[in-house]
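Please construct the entire structure, taking both the sequences and the accompanying hints into account.
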Amino acid sequence: MTVESLSFLEAILASAVSAGTIYLIASVGECITERAGVINLGLEGIMAMGAITSFILTLAYGHLAAILGAALVGAVFGLLHAFLSVSLRLNQIVVGLAITWLGLGLSGFMGAPEVARELLKSINPAVPAFLAELKQAPRLPELKIEPLNSLPVLGRVLFSQNILVHAGIITALILWFILTRTRWGLSLRSVGENPALADTAGVNVFAVRYLAVILGSSLAGVAGAYLFIGYQPFWVEDLTRSRGFIAVSLVILSSWSPLRAIAAAYLFGGVETLQFRIPLRGFGAETPQLIMMLPYVITIVTLILISLASRGRLPAPAALGKPYSREE
Amino acid sequence: MFRRSLLSALRLPVKVERRPEVTPRFSIAVTLGMLLLAFLASGAIFQLLGFSALHIYRSFFTTLLSPIMLEEVFRRSAPIILSAIGLCYSYRMGFWNIGAEGQLYMGMIAATGVVVLYSAGVGPGDALLLPTVVAASMLAGGAWSLIPAALKTKFRANEIITTLMLNYTAILLADYLVHGAWKDPAGYGFAQTVQFPAGARISLPGFPDAVAYLALTGAVTVLTFIVFRYTVFGFESRIVGLNIFASRYAGLRINSIILRGVLISGALAGLAGLIVVSGLIGRLRPGASPGYGYHAIIASLLGGLYPPAVFFSSILFGMLLTSGDLLQASIQMPKSGVEIIMAMIFLATIVAEFVKRHRLRLAGGVRGGGAT
Amino acid sequence: MAENLLERLGPAPPQQPKVEMRGVTKRFPGVLANDNVDFTIYAGEVHALLGENGAGKTTLMNILYGIYTPDAGVIRVRGVPVRLRSPRDAIRLGIGMVHQDFRLIEAHTVAENVYLNYDGLGFIPKWSTLESRLEEMAASYEWRLNPRARVGDLSPGEKQQVELLKLLVRGADILLLDEPTSVLTPIETRMLFKTMRRMVEEGKSIVLITHKLSEALSVSDRVTVMRRGRVVLSKPTKDASIDELSTAMVGAQITGSGLEQGDSNSQDKSPVLQVINLSVMGDEGVLAVRDVNLTVYQGEILGVAGVSGNGQIELVEAIAGLRRPVRGRVLIRGADVTGASPRRLMELGLTYIPPESRKWGIVPELSLYENVAIRVARYQPYSRMGVIDWSRVMEVAERVVSDFKVDAASIKMRAGSLSGGNVQRLILGRELTTTNPVLLVAAYPTKGLDIAATDHVKKILLRLRRENVGVLMLSEDLDEILELSDRIVVMYGGRVVGVVGRSEATPEALGVMMSRGVAAGVSS
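If you read the sequences in order, they're chains X, H and U. Mapping the first sequence onto numbering that gives the first Met the number 0, position 109 (from 1) lands on 108, and the numbers just tick up by one. Mapping the second sequence onto numbering that gives the first Met the number 0, position 370 (from 1) lands on 369, and the numbers just tick up by one. Mapping the third sequence onto numbering that gives the first Met the number 0, position 142 (from 1) lands on 141, and the numbers just tick up by one.
Certain hints may be false.
Quick list of in silico lysine-lysine cross-link-like pairs, BS3-like style, CA-CA up to 25 angstroms [said to hold, decoys possible]: (1) X:K120 x H:K334; (2) X:K321 x H:K14; (3) H:K334 x X:K134; (4) X:K321 x H:K153; (5) U:K358 x X:K321.
Derived from the structure by calculation, the hints contain no laboratory data.
Dropping the structure here:
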């Protein structure tokens, strides 16, 4: 392999990991939510809210505040989802769509220059408000981990990225451990498989589902923050471009395992990267739209392949999407 | 930690029980009440973000006051009505078609394709132009909707995901065409196609477009009402949506019913696309639809999948879009402001479902009227 | 069956009973399920609680397990009066129950199922320790159970062992087993009985809830018989005779039912249904029906007897076109209809009464008349050119409601608000009023009905038989099968293990075939 092609491979892999982190953080959270039996289609809107929150808070107080703020906003949206879907037992699909709508509308509104300016002014008057009108914020710095970053390939792919990339992997590993190895994980999985049985065994089904939805939603908020400050720090409306929905379908691809979600997310990060790499090589340089279709088309193709591979028997949690009510 | 003793306060503090029978009058009252709440809640949000709620309410109702505004309301409602009525066919069967937007775009693309050919001197003659664009837009919308329907019946692929993905694909396809092959050479480099000729537009001679659209959408609404209430297809599609086991037992051709229903959904969304591209804008360009196909989702749910109600709730969305334009011009309110109101209406719609079906019983056994 | 009956004299009951139930009464709407019942459990005994379906056995044990609260009566556990508000109260007192339907999570491993929310579980459970503890415990009862196996992959017998382990690790020493053999193979049954004996030797107490006399005789130390909510007999098993117990169970000697059946000479008549070498896959991916052959003639009722879960439902679903057979053929009046759609079968004259009527038979959200329409809306005269004639549908609906005595205020009422019996009458009424069957396949048509409704259904079946319709009927009630059928087919393990004419059939012979899968002396 020539030096040139090696560095090209490195570049591809590094940007696949970088783009994949958006999907990773969101779909790991959704894994947990769905393992508790709730499907959260609000991811798309919550990611958008996370992104706009991180935009304004980065300008106001810096990156840490932005990430925490995005997580908090995600949690609030998760609380709303849980109230509607767990307590009121409304159709989870419709609830998710409504949350997405609210998130997209609100974030679009907050991102408009005149609104963003006012928001920034009221959150931190010390910062010049016109910064918000520029629609940009400083990117998360790269964290060069010495001396690992001088490793061939891995050095650039894994150890010269920003901190949320590592946080994503670590979160996935921790959540996988909790889900499969701890008492909490066992309770949570039981709630997703058979809430009535978990209830008679003394597990608080409602609390577990609330926590799972809120955790998944706050991770979606962080994923949105990463999308903006870690990946593409320039605000446009519809910044998320269905990535939240793709993250939901990646949960199916990773068969509800946070561990496999890492691979699935980076795979889609790779697809996303190709969108930008292919035009550079000539094809679609002027009209990139056909190449931009790739993630959407590949998502559909993936669903078909999963269906063929599993012969229509997906390992989905048995109670996924079903509201639980004690009276029945 | 997950013991019941802790955190048990998360369950509702009062006893909620199912309401045995829901009368239509009560159901309408609840929906209207929740709509009012949605307006109040979005007003509060706007006030918080620095816009006058009163001003916003006022501009919403001015859309009904002048004939010009009213005409605009009906023009903009037309694609929403068609798509929303179409979606009723899908939702009745439990097919979560989120893809009206993409189907609408495919309708726009197909109609534009015919017009591009026509302008180049190929394709249909003047007399056949309108029937051809109508057929092309409906076929294209229908064909686009058949993809998720087939994937669902054949591979059990989740239709929510597939329809959403196909929306983006269709929007990007339209973008690709207007930036490339279909770009109007006389368009000063703008990414847009040639203008639609008068012969390719839906109109009633002597009347404004709004009237023609009202007639068309009204007819589609009435027809759908009849299909749902009086035809075997309408009845059977409802059974498929309610109980798939009973449907199999009763010998219904489930896949064929689903394919037919979704096809109608897509065809109507495609027709909506024709109205957008021929009447509202006059040509295809990027972002031609501000999300009519998405607005239709809420409109059909708000109307409870009951065609006459869906018709009126779609007009509500036409009002919202029109007043959104007004507000943008008058107080520079960002366009997505109306999206917030729509989201609140959406939330109100689904909470209304709960309120309709339940009533509260307090610990003392006293019955409350609703549950909010 | 009772070979070691005399060899085994249970240990003498010690003075203080472990559980004492006195004067327990439980009323459900319209039914007195338990009427002033006394029941005692001693240490080191298997106590058989015997009775027919609906005698009140399960209700009594559900009370002891904290699922129901009694309307009256006292419960003492180890001499102390207790109030049981939930199963967890019962478990704390060492009382555990294994239900007829397993309460397990299929996706989880054996160990995960056993230790779900177990008190001694650390935050990070040491699964290897727990698993080897389970392995030991299983080995002590000579079970071959892998604690790491997924429960969904286990056989019914193994699942039952998991249920038992759930109770044992929580220290339960009073075990209530509800019809534990209904899903077991004969070998598994023998193993279970062996385990039960070993457990009582360790000082545990077991209540065996059963409707099978033979089981009570072969494994128990004491037997209590219930009938219609009351205890009618209670004594040491060694002092009880078969005659005495069976009389106690069914009351007076079984007399004529009062339903005139009339003769049938099916031999002269032509077959309406032929099932040839039929094999059908079950939901679990194993064959549920294996190589079944049977024939239903015009004007006869063929009863299918068998313990539930032996392939009966899969058999009728395959006949009704709801399940595609793996092998074999189904003929209706000589025409091959294997794998035909429910619609085509219906048009050929098959009428099917589904089990679980609320799931399969009705759409609860729709009105009664709309529910009448679901099977027939597409046919004339209920619709013409795709347009439904609702007034005609309503006319028929009114007829169904009045002819079949569906208790409904109006045909515009939601079907979901009907009681179980009325749903069943609605379905029967709809099917028999709107279709003209040559073959009726009825899966448990009287299940869950009260006496009046049951009688009504039986009369309908006999009327159809007189009208020369062929009837294939599933029933869990042996008496009902004996009463109505011209011939009886017994299914066991997915196979037909015997075909008996009504005159030669006795409950004992059928019972043996149902529980052991052998045709005891009766050839097919």
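Hint by hint, which ones does the structure fall short of? none
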